[in-house]
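Student: If you read the protein sequences in the order shown, they are chains A and B. Just so you know, we're using my numbering here: the first sequence kicks off at 218 and counts up by one. Just so you know, we're using my numbering here: the second sequence kicks off at 2 and counts up by one.
Read the hints as simulated data drawn from the structure, not as lab findings. One or more of the hints may lead you astray.
FRET-style restraints, in silico, Cβ to Cβ [to be verified]:
#1 B:203 with A:540: 34 to 40 angstroms
#2 A:392 with B:138: 53 to 59 angstroms
#3 B:217 with A:275: 39 to 45 angstroms
#4 B:288 with A:354: 52 to 58 angstroms
#5 A:392 with B:39: 58 to 64 angstroms
#6 A:392 with B:288: 50 to 56 angstroms
#7 A:292 with B:281: 43 to 49 angstroms
No residue lacks a Cβ here, since even glycine has one placed at the ideal position from N, Cα and C.
Next come the chains, spelled out residue by residue.
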Amino acid sequence: MARIALSHVGKVYEDGTRAVADLNIEVEDGEFLVFVGPSGCGKTAALRMVAGLETITEGDVRIGDKLVNNVPPRDRDVAMVFQSYALYPHLTVRDNIGFGLQLRKMPKAEVRRRVEDAARTLGLSEYLDRKPRNLSGGQRQRVAMGRAIVRQPQAFLMDEPLSNLDAKLRVQMRAEIGKLQRDLGVTTVYVTHDQVEAMTLGHRVAVIRKGVLQQIAPPQELYDRPTNLFVAGFIGSPAMNFLSATVLRDDNDQYTLEMGAETLVLPPSVPVARPALAGYVDKPIVVGIRPEDIEDASIAGRQPGRTLPARAELVEPLGSDLMVHLSMDLPQASGHEDIAELAEETGEGGVAIADERAVVVARFSPRSQVKVGDPVQITVATEQIHLFDATTGSAVWDA
Amino acid sequence: MTAAASTDIVTGSINRGWAARIAARTGGGALRIFLIVVALVWLIPTFGLLIESLRDPAQYANGGWWDAITHPAQLTFSNYSALLKTSAITGSFWNTVEITVPATILVVLIGAAAGYAFAWLEFPGRDALFLVVIGLLVVPIQIALIPVVKLYSALGISGSILSVVIFHVAFGLPFAIFLLRNYFSGIPRDLMEAARMDGATEGRIFFRIVLPLGLPAIASLAIFQFLWVWNDLLVALIFTDSSSQPLTVALASQTRQFGSSIDVLAPGAFLSLIVPLAVFMFFQRFFVEGVMAGSVK
Ligand SMILES: Nc1ncnc2c1ncn2[C@@H]1O[C@H](COP(=O)(O)OP(=O)(O)OP(=O)(O)O)[C@@H](O)[C@H]1O
Ligand SMILES: [Mg+2]
């Protein structure tokens with residue numbers, strides 16, 4: 218087991234495409250690190266540079282304490298699980314799993330023992346003499362995992378290992394991969410574009426966008442303190458709502474967000490946690506509100522400074538929640554390029570509405586009686602609000 | 002994933018071959034009759050050759066080979082025993098084997114190694130070199146005959162079995178490389194990379210992954226090359242002498258010497274037909290469908 222360190226790593230393909238830029242990441246020994254980001258952001262490229270399947274055009278990669286830039290994959294002692302599984306079709310499950318050990322000239326009895334151990338762990342014991350074509354998708358996935366674990370490598374590298382499975386199996390295998398990694402304690406780098414996988418599996422999650430690392434943090438921190446508009450919008454489903462506002466401060470140091478004709482009063486904890494907010498007085502700012510921080514006022518209670526008028530445009534009962542698309546007479550923060558890109562990426566632009574009213578998605582309690590087309594009062598959990606610089610998109614925190 | 006699987010099934014039924022479609026429409030009857038007719042057209046002369054080779058030459062003037070069916074007493078092995086006593090024939094049979102086996106094995110081995118390199122290794126000038134190989138595909142053998150004869154006499158290997166083998170290998174390779182390179186490049190890249198991650202060197206990948214997965218193509222190539230060399234007359238006629246001549250040349254010279262000599266030609270031709278048939282039977286079990294199944298996805 219080993220740590221993996223990437224310093225100033227970059228990848229430029231021969232045709233000039235830049236896939237990764239100045240990536241600095243240290244994966245701790247035994248850590249489960251997840252790379253997440255939209256399609257084409259360079260996650261796979263980064264992983265393949267660690268694997269040795271792609272040349273490193275800039276920077277250094279270290280596995281353990283060894284600089285591996287020029288070490289071929291076979292000598293890096295890391296195992297990879299491919300999205301396609303890449304099982305050897307002409308070999309049985311036993312030989313697929315044992316292939317790497319046989320190549321290392323391990324004694325036959327030892328290979329056999331290790332393969333059978335791995336098969337038992339993965340529930341593959343009955344299938345050892347089958348060929349891959351006679352296995353189900355989930356079993357093939359397990360064989361791919363087995364091939365990685367028998368080698369007891371320094372690290373596991375996994376590139377979207379679950380994306381070819383159906384939804385139910387994916388959830389099950391996700392749990393199994395998590396458990397396996399905890400039991401074995403092997404350093405793991407896992408690539409996905411599924412944020413649920415990222416949040417549930419990762420000790421830390423690295424959000425990448427256009428080859429650039431945006432934030433690397435434990436899942437909850439990523440959710441609670443996104444570093445910029447992109448991370449805020451990318452993590453969380455349905456995505457965070459963004460509105461334009463102007464910051465006001467009165468003589469009692471009371472902060473208010475002015476959004477068109479409406480205002481939200483910020484509780485004192487918000488500016489206290491954000492010393493930088495003082496610099497935004499009388500300036501525009503982007504306000505981020507997560508759907509679960511918006512509730513039907515008839516349930517949460519009507520509170521001055523926190524309740525706003527809206528109209529329900531679409532109501533989706535999910536049983537546990539009521540997903541409500543609201544239109545509000547407020548300016549939507551659609552100008553920022555990050556928001557435009559996120560809307561494209563997630564396909565969640567909200568319901569298109571003819572006039573310039575803001576579209577906001579809220580997660581109401583199923584007790585709410587709201588109907589499509591109804592006017593509804595909403596209460597915002599203002600202590601959970603997120604604030605971003607309107608030009609740079611960075612979160613407003615410390616000065 | 003389910004969507005992809007169902008489209009596979011759909012295209013699978015659309016893209017079925019014309020033979021399968023005819024079979025489906027006519028309930029297989031018409032197709033079966035057609036195949037039987039084709040088989041008979043091909044097999045009857047072969048069968049006739051077999052009978053003829055087993056008939057006493059004295060009977061030849063009394064009627065065709067079909068008479069032997071009603072008069073089995075005409076049948077005898079004497080032609081074969083006479084033939085096998087002719088040292089020119091038995092010697093040339095072994096010459097054929099000595100030419101064909103190395104010419105086939107070398108073409109398959111070199112072709113596979115080169116095919117792998119062209120498909121999966123990166124080296125400077127790879128694509129240009131491959132274009133040259135494709136260019137060589139269209140060079141007709143006849144153009145090379147005279148220069149090669151000169152070259153061989155300069156090297157002092159004219160008339161030897163080695164010279165014929167070299168010629169066949171050289172002219173078999175462009176097609177072999179072309180065929181195997183295209184087949185190998187159809188092997189999913191992930192498989193090579195998985196093997197590389199598992200600790201395989203290029204050599205191991207070649208022997209443990211590419212060769213086994215390439216077997217259907219390699220078997221076809223082996224059969225084609227074997228048949229081509231085994232049945233070759235032109236190249237052998239030009240490059241061999243009486244000590245190295247293969248069966249084709251020996252049989253051809255029998256006709257000239259005796260005028261009609263069916264008692265030698267029929268068993269000789271049959272002898273020369275048996276071996277490729279056995280080779281074909283042996284290799285055809287490698288024509289398995291869907292070798293890649295279950296590998297990726
Ligand atoms: N061989 C190549 N030559 C040129 N550009 C490439 C090559 N391979 C990938 N790219 C580009 O590099 C960028 C990053 O690709 P990468 O495969 O790492 O994306 P990804 O984050 O894994 O995306 P996905 O989630 O779709 O798998 C993409 O813009 C891609 O088009
Ligand atoms: Mg990828």
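Student: Between residue 292 (chain A) and residue 281 (chain B), does the beta-carbon spacing fit 43 to 49 angstroms?
Tutor: At roughly 44 angstroms between Cβ atoms, residue 281 (chain B) and residue 292 (chain A) fall inside 43 to 49 angstroms, so the hint holds.
Student: So the hint says 52 to 58 angstroms: do the beta-carbon atoms of residue 288 (chain B) and residue 354 (chain A) match that?
Tutor: violated, 28 angstroms
Student: With 53 to 59 angstroms as the target window, see if residue 392 (chain A) and residue 138 (chain B) comply at their CB atoms.
Tutor: Once the Cβ atoms are compared, 55 angstroms apart, the range 53 to 59 angstroms for residue 138 (chain B) and residue 392 (chain A) holds.
Student: Does the hinted range 50 to 56 angstroms hold for residue 392 (chain A) and residue 288 (chain B) at CB?
Tutor: With a Cβ separation near 43 angstroms, residue 392 (chain A) and residue 288 (chain B) fall outside 50 to 56 angstroms, so the hint is violated.
Student: Starting from the range 58 to 64 angstroms, see whether the pair residue 392 (chain A) and residue 39 (chain B) falls in it by beta-carbon distance.
Tutor: holds, 59 angstroms
Student: Is 39 to 45 angstroms respected by the C-beta to C-beta distance linking residue 217 (chain B) and residue 275 (chain A)?
Tutor: holds, 43 angstroms
Student: Do the beta carbons of residue 203 (chain B) and residue 540 (chain A) sit within 34 to 40 angstroms of each other?
Tutor: Roughly 54 angstroms apart at Cβ, these two residues miss the hinted range, so it is violated.
The structure shown violates the earlier hints numbered 1, 4, 6.
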